[in-house]
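Let the sequences and hints guide you as you build the complete structure.
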Amino acid sequence: MSRATPVLRLRDVGREFDGPVPVRAVAGVTVDIAPGEFVSVVGRSGSGKTTLLSIMGLLDSPDSGVLEFEGRLVSTLSEAERSLIRRERIGFVFQRFHLVPHRTVEQNLGLALLYTPHRVRERKRRVDEAIEALGLESRRRTDVSLLSGGEQQRVAMGRALVGDVGLLLCDEPTGNLDSATGRTVMETLRSLNSRGVTVVVVTHDPVVAEFAQRQLTMKDGRLV
Amino acid sequence: MAGRRPLRIILDLMGEAASATDSNRLASLVLTMGMALGAAVFVGVTSISTTLSSQVSDLFDERLATTITAESRTSEPWITESGLESVRRLVGVDAVGILGNRVETTVGVRHTTATRFAGARLASPEALRVIEPHMVAGVAYRRAHELVGVPVALIPSSLIETVGLSGIGQQIVVGEGRYRVVGVFDGLERRLDAAGDILVIGGAGSAARTPEAVVIKVAPGWGTRVAPVVAVALRPDDPGQVVVSSPLDPEDFRLSVEESVRATGLAVSIVAMVVSGLMLAVVTASGVVSRYSEIGMRRALGTPRTAIALELMIHSVLVGLRGALIGVSVGVVGVTLWAERNGHRAMFDLAGLGKVWLVSILVGLVAGLVPAVVALRVPPVTALRS
Chain V
519 MSRATPVLRL RDVGREFDGP VPVRAVAGVT VDIAPGEFVS VVGRSGSGKT
569 TLLSIMGLLD SPDSGVLEFE GRLVSTLSEA ERSLIRRERI GFVFQRFHLV
619 PHRTVEQNLG LALLYTPHRV RERKRRVDEA IEALGLESRR RTDVSLLSGG
669 EQQRVAMGRA LVGDVGLLLC DEPTGNLDSA TGRTVMETLR SLNSRGVTVV
719 VVTHDPVVAE FAQRQLTMKD GRLV
Chain X
14 MAGRRPLRII LDLMGEAASA TDSNRLASLV LTMGMALGAA VFVGVTSIST
64 TLSSQVSDLF DERLATTITA ESRTSEPWIT ESGLESVRRL VGVDAVGILG
114 NRVETTVGVR HTTATRFAGA RLASPEALRV IEPHMVAGVA YRRAHELVGV
164 PVALIPSSLI ETVGLSGIGQ QIVVGEGRYR VVGVFDGLER RLDAAGDILV
214 IGGAGSAART PEAVVIKVAP GWGTRVAPVV AVALRPDDPG QVVVSSPLDP
264 EDFRLSVEES VRATGLAVSI VAMVVSGLML AVVTASGVVS RYSEIGMRRA
314 LGTPRTAIAL ELMIHSVLVG LRGALIGVSV GVVGVTLWAE RNGHRAMFDL
364 AGLGKVWLVS ILVGLVAGLV PAVVALRVPP VTALRS
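Here the protein sequences come in this chain order: V and X. Residues 519 to 742 in my numbering are what the first sequence spells out, letter by letter. Residues 14 to 399 in my numbering are what the second sequence spells out, letter by letter.
Please note that a few of the clues may not be correct.
Chain V regions said to be covered by chain X (calculated; three or more residues, Cβ under 8 Å) [unchecked claim]: (1) 530-540; (2) 595-608; (3) 619-633.
Think of the hints as simulated: they come from the structure by calculation, not from any bench. Glycine residues also receive a C-beta, built at the ideal position from the N, C-alpha and C atoms.
If you want it as structure tokens, here you go:
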């Protein structure tokens, strides 16, 4: 990938949901996300932020427009190829953490390395590094259900980063956290960005959005 | 997953499926117990039926396979002492006697009170050695009875009240004859059809005048060899007049009993396993719904749909195998204890035990199929929102 190639390239991307009254969640979005950028997408609830993030993360497919990931036209990729890209190049952090309960911190981190070509020793090294980087050494074998919200979100970030992801997509990462813990999480994201990870954060919180280098605002499914 | 090392993929699949088992302990426990129940029933029923069929066929060898009955096609007198002697001399014959057909006749302690009816049969003293009554009081027969010329009778315990018997040695009336009751029995070792009839020995009562049968007791294993020559031995002049009821071949009977009992047992246990499998499918499918969010997250992390589906199926198979292990252990121990308590030798159908594993794997696969298909269809975005 050349430096000029954006991580994400969206051209006139749209997504409509069927229903009694069809809802156009995303309409005509055109934007490039460059490697190493820290971008926030702000907007009110229902403005289409999460749908846009799902499209960026190849979890959902646009029904109009063009989406490229690292120069590859996503519409030409099979489901298996999209899964492979998500597994190896994209990390997700969700508002509700989405950790697997009744499993330990290291087991949750290890989930992201399943079905990757890494050997067991390499996987363990990566998990160890993530645990150390996130300051969760003492919680390594703790059931994630017993962690605080801040700790759970750190585990979720660690899970996103144990692979070699180039893009981290975060959906309201501080939504379930108090302001102090939320700030810590954002500081962690900034730190990751400084190490070369491209970060896109969807939020309705202007304070969180301030951490980004570039802010995009959505209204009624469009970037304004 | 193309291009990955197969072994690592298999290890990931197995590891993740096993982790899912551990993380959903209550559901896994319910599923395991369900499968264990099915497997235990499977092992229990097949083993008990194998043990019982063996017992039944042993019983057959000892009782039915050692009894031969010869009857005449006509009502004319046909039994001769020389014919009986010829049968006695046959190799494998233990005893030969004469047993009359059942007649319904009046019974009572005196002629005036003989207004009740019961079945009665003539039995020669040697016939008692063949049919072997289970005596609960008195004696079956003594030579002395014959010497003093007293006709005697044995009555089944079920007819004591009907007859009005007050004690051993009392005289009773059977039809036109008077007999001294010398014993009471509660069953017969052979000719179970005569177990409810009064047996009269000697005398000239109505029972003695009925068409008679020759009953023969042979040593175990000799039934099918002796039976073909009985007619010739009894009536060398006209063997075609004699109808001989020979026992089934013990081996054929054993196989037929075993087959019959085991087929029933197999049907019952397959039903149990299928019910367990359905339960497994329902609970596993509901487990998928409860794990929607997790499945969505896994999809977001890039876990292939097929891997998630396979994990669910392997999980289901592992639960099935774990249940089978517990069920087989419980079944084997249970059947062993049952057999010991009942004086049987526990017998296990090893092929059946092998089938338990096969069936549990198949049930696990089928049960895992439904949730796997459900998981395959879960759109990650929808699952994440759940």
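Hints and how they fare:
1. With 0 residues bearing a CB less than 8 Å from a CB of chain X, the segment 530-540 of chain V misses the requirement of three and the coverage assertion fails.
2. Check on the segment 595-608 of chain V: 9 of its residues sit with their Cβ under 8 Å from a Cβ of chain X, so the three-residue criterion for coverage holds.
3. Given a C-beta distance limit of less than 8 Å, the hint that chain X covers the segment 619-633 of chain V holds, as 8 residues qualify and 3 suffice.
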